[in-house]
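A.B. asks: Following the hints, position chains A, P and L against chain Y.
Protein chains in written order, with this note's numbering: chain Y, 2 to 283; chain A, 2 to 283; chain P, 2 to 283; chain L, 2 to 283.
If you are wondering where the hints come from, they were derived from the structure by calculation, not from laboratory data. Just so you know, not all the hints are guaranteed correct.
Identical copies carry no separate label here, and so any pair may be met within one copy or between two of them.
[Claimed, not checked] Subject to a maximum C-alpha distance of 25 Å in a straight line, what follows is the list of computed SDA-like cross-link-like pairs (lysine to any residue):
#1 Lys5 with Arg250
#2 Lys96 with Ser152
#3 Lys276 with Asp142
#4 Lys15 with Leu34
#5 Lys88 with Asp21
#6 Lys96 with Ser56
#7 Lys276 with Pro196
#8 Lys69 with Val239
#9 Lys182 with Thr11
#10 Lys145 with Val255
#11 Lys210 with Asp181
#12 Lys199 with Phe59
#13 Lys88 with Arg250
#14 Lys210 with Trp79
#15 Lys276 with Cys115
#16 Lys182 with Gln228
#17 Lys210 with Phe47
#18 Lys210 with Trp183
#19 Lys69 with Ile245
#20 Lys147 with Leu77
Predicted model only: the values in this text are computed from it and were never measured.
There are 4 protein chains.
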Amino acid sequence: MSKKYILTVTCPDKSGIIADITSCIAGNGGNILNLAQHTAVDIDMFFCRIQFSASDSFEIESFSQSFKKLEKNYDLIWHVFDTGKKKRVAVLVSKTSHCLYELLLKHADGELDCEIPVIISNHPDLAHVATAFHIPFFQVDTKKGKAEYESDLNQILENYSIDLVVLARYMQVMSADFCDKWKNRCINIHHGFLPAFKGAKPYHQAWEKGVKIIGATGHIATQDLDQGPIIFQDVIRVNDTRSIDEFIRMGKDVERHVLYETVRRYLAHAVFFYKGRTFVIE
Amino acid sequence: MSKKYILTVTCPDKSGIIADITSCIAGNGGNILNLAQHTAVDIDMFFCRIQFSASDSFEIESFSQSFKKLEKNYDLIWHVFDTGKKKRVAVLVSKTSHCLYELLLKHADGELDCEIPVIISNHPDLAHVATAFHIPFFQVDTKKGKAEYESDLNQILENYSIDLVVLARYMQVMSADFCDKWKNRCINIHHGFLPAFKGAKPYHQAWEKGVKIIGATGHIATQDLDQGPIIFQDVIRVNDTRSIDEFIRMGKDVERHVLYETVRRYLAHAVFFYKGRTFVIE
Amino acid sequence: MSKKYILTVTCPDKSGIIADITSCIAGNGGNILNLAQHTAVDIDMFFCRIQFSASDSFEIESFSQSFKKLEKNYDLIWHVFDTGKKKRVAVLVSKTSHCLYELLLKHADGELDCEIPVIISNHPDLAHVATAFHIPFFQVDTKKGKAEYESDLNQILENYSIDLVVLARYMQVMSADFCDKWKNRCINIHHGFLPAFKGAKPYHQAWEKGVKIIGATGHIATQDLDQGPIIFQDVIRVNDTRSIDEFIRMGKDVERHVLYETVRRYLAHAVFFYKGRTFVIE
Amino acid sequence: MSKKYILTVTCPDKSGIIADITSCIAGNGGNILNLAQHTAVDIDMFFCRIQFSASDSFEIESFSQSFKKLEKNYDLIWHVFDTGKKKRVAVLVSKTSHCLYELLLKHADGELDCEIPVIISNHPDLAHVATAFHIPFFQVDTKKGKAEYESDLNQILENYSIDLVVLARYMQVMSADFCDKWKNRCINIHHGFLPAFKGAKPYHQAWEKGVKIIGATGHIATQDLDQGPIIFQDVIRVNDTRSIDEFIRMGKDVERHVLYETVRRYLAHAVFFYKGRTFVIE
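Bound conformation, chain Y alone:
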């Protein structure tokens, strides 16, 4: 029986790189299923994501050993993932349920390749949703003060061996320390089309500006609020007969879709971080 792996490679563009990478995979008994690569001509960088299968005798360590030999020549940043080892995702929520339901329903439908072992909230309102999906639910107490409550949060995340934190309309700003600890491993959904409409009440801002299209943005949480690298965005046209309440209603569908697509791309190891932005290579 065969197992599947994903290899991601980032390096300065240089002739021969693809042939060398693919030969190394073949030489270790890997069979390429899918190869997506992109040379960003504006910065002369090469990004590559390769899915390959290999027999049970394939060993990640020995592959890594032989792949390491390319490192020096090409100045590589690379990772190889065993797709059989599912990422463990914690979902953080406050009171609105649409993003949480989206993740749980997609997961139940086999469309999110991860485990969701825990749901955490600063409010009790969505406990029943967690229960309906048989997932442990924890309520954290933000009134303790940010440092202390985030310490509780981190304790739960550690206890459940979490790989990725997803803020699914979690209405708390995370501290710089938290963002640092979970660097590139904490995803937020912002209910506005970034970089416009950062911060609070983006739909109110959008309505007052009279924009004709609204959107949502899935991005990495960083200490600059709503400024982290963008992973996915989507928009919806709104005509001027729509009220702010309708913006909010229509926006929910965009938000949940964007959050799902953001997490899906992340879990597929399709998101490359480079110089403050992402390159999503599928």
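C.D. replies: Relative to chain Y, chains A, P and L alone:
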């Protein structure tokens, strides 16, 4: 034979307003062809656009006299337009032709309800396009200094009895005086999705930010650069394998489309200005 | 306190109609909140939907009496609805849950203006979803033969005083008798972009044809399979690297969205039926 | 100085194929700039498009010789193109100009990588457009009878050494012989969303069906009218207040865009034909 008119009404929302307006039109021999209205519940304002036909004996003055009686009761702002009198539009361009061609081709196809009696540029490059469409072309000299060159510009606009100025990728910032003189009568196309990416090189800004969707915005020119009321916007999805040059290429199609749709809505008297934003009521 | 009503009017286009309708509403103490009208110039027909409020003393019967006087002059088809009386909707499902969840979650969020008193299925699989939302669930036995099983179905629908039947990926073709009995009161979601790809396995058909865009269609169920009047459609771009399974996965999001938007428009009395098609006037 | 080549490969999926192809390119001194591949899991076929550069000493013949050795092992269909040799495209038109202008303006802007040495029509109306762009214009006489007039047509196409024929709203059905002679080298724009609305007056058909979205389809001309492999499609939402004339007006923008994107993909050698459909691999 019948003529067509458009009546636009803005006022605080109040019971009975539609019945009173439509009765006044009927009482003056008008036949409503199309009525679009919207009550913006967030600010309790009423916007209404009515297209009606009337026989040749209908007189705008006597209609206006009788309509004036509603003014006091409803605190109305209103205008009535004879659609037979076409607006005269000046197109200002620099070196890129795609927006200019869009306006000229749509006009030639009967899809822009106006006259285009003059094209003005700060460069000679597009003179041949004007010539091909048999439209006078003027080149203005920006090196004279802003005040003097804008005075030349205004002279041309006056000579041609211009009603609406369209900046079709005209790469000059207009002075506060010019924006004031042409208040709500000067349209600009910004090649970015406002309110993000104001100012120069918006595609470069968008690429560096790693956005996944780019757009263009048709708006009223005001002295706050790229900040005037938005009339129309459109977007296009860009995946991360696109270079800045491809952003620029793909953006052109969005820009020309947005500019056309912006001007078309304006000419149809579908654009209402209120508190710094527009309400487009179609 | 005021109540809200919706009046819908269909008639051949004729001068004066809007003034007469709006005056009749005003004369009966109604206050127009929203008026949407459309004259379909290709067939010279007039469609109008008016939302109005009135005090508790307003009586639908006396309004109807006075409105009836317009009938003869204008050859009207019209209805007036008290929006306080919510429609009762039965949802029919088979094994896939995404459309059912969409309706239940939107309903729970206050975004579907109806009651959902019963869920019916030809399989037991989704009983747990009904239970989670505290809605009675019935399983019908299609093996009894179409006539007998549909009789059971009708009995349940009658018992629950159902106004609208929604087939939410219900994998049974309804009989001509059933479609007749529920004429214009039974909505189906077809997982293809009609009129292409009628019948079974539309995603397989689409993939084999190599289309670049797939879609879903919300329509009235009629005895011509997937041929009834269309109420809402949406699409999604699929590139040629997508497999049939991915078409199915991506299609689910379009299906649930289309079904929701279809039902929402129907419940808002925005759907006019005329000559085998709909006119959705919002 | 380096030259650029594109290699396209189609074959049954088999382990090792990418490594062998990329090694062969590297072995011949080629430098891969871009590699896009796709394994269609539903039919177990492999499609690959590789852009590579090579020094002036690179010879297509010797590369082909060495690449041929892979043929047997992998059952390859393959082509290698020197991107320096531009395709020669003939544009055929009737009376409407929007598709013709689109191709000519994109070409003038450097966004269509081909030569356009000749424009042919069955009407004189668009001669002035050809003239404005300094391109020879021929009028063919369809009244001669199909065989004879198509013989004239073929003569012109031969005289100009045409590689690709583009029917840019050319309102003539081509004969089976013509489609055969130009197999996979003749592109048509159909102003409807295929496979729905084949044949004449698709916008009328769409309006009468009451669809909520209309579209256009760029496809290979075959003797089954509007049934050839689809290369690109796009759509636009139409609400029910739109008349047939407005469908036609709005459709024009979709048509011209679809035609441009179709031709662009074709010229980029991104279009693979397999079992009656295309796979566009970018």
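A.B. asks: Determine for every hint whether it applies to the structure shown.
C.D. replies: Evaluation of the provided hints:
1. Lys5 with Arg250: between (41 Å within a copy, 21 Å between copies)
2. Lys96 with Ser152: So Lys96 and Ser152 pass the 25 Å test inside one copy only (22 Å; across, 43 Å).
3. Lys276 with Asp142: neither (36 Å within a copy, 42 Å between copies)
4. Lys15 with Leu34: both (23 Å within a copy, 9 Å between copies)
5. Lys88 with Asp21: neither (29 Å within a copy, 33 Å between copies)
6. Lys96 with Ser56: Close neither inside one copy (46 Å) nor across copies (36 Å); limit 25 Å.
7. Lys276 with Pro196: Cα proximity of Lys276 and Pro196: in one copy and across copies (17 Å, 24 Å).
8. Lys69 with Val239: Classified as neither; 51 Å inside a copy, 34 Å across copies.
9. Lys182 with Thr11: Classified as within; 23 Å inside a copy, 47 Å across copies.
10. Lys145 with Val255: Neither, since 33 Å and 43 Å both go past 25 Å.
11. Lys210 with Asp181: between (34 Å within a copy, 20 Å between copies)
12. Lys199 with Phe59: Result: close neither inside a copy nor across copies, 47 Å intra and 47 Å inter.
13. Lys88 with Arg250: For Lys88 and Arg250, the Cα distance is within 25 Å only across copies (21 Å; inside one copy 32 Å).
14. Lys210 with Trp79: Result: close only across copies, 23 Å inter versus 44 Å intra.
15. Lys276 with Cys115: This pair counts as neither: shortest intra-copy Cα distance 28 Å, inter-copy 37 Å.
16. Lys182 with Gln228: For Lys182 and Gln228, only the intra-copy Cα distance (17 Å) is at most 25 Å; the inter-copy one is 39 Å.
17. Lys210 with Phe47: Answer is between: at 18 Å across copies they meet the 25 Å cutoff, but 39 Å inside does not.
18. Lys210 with Trp183: between (34 Å within a copy, 21 Å between copies)
19. Lys69 with Ile245: Result: close neither inside a copy nor across copies, 55 Å intra and 33 Å inter.
20. Lys147 with Leu77: neither (39 Å within a copy, 53 Å between copies)
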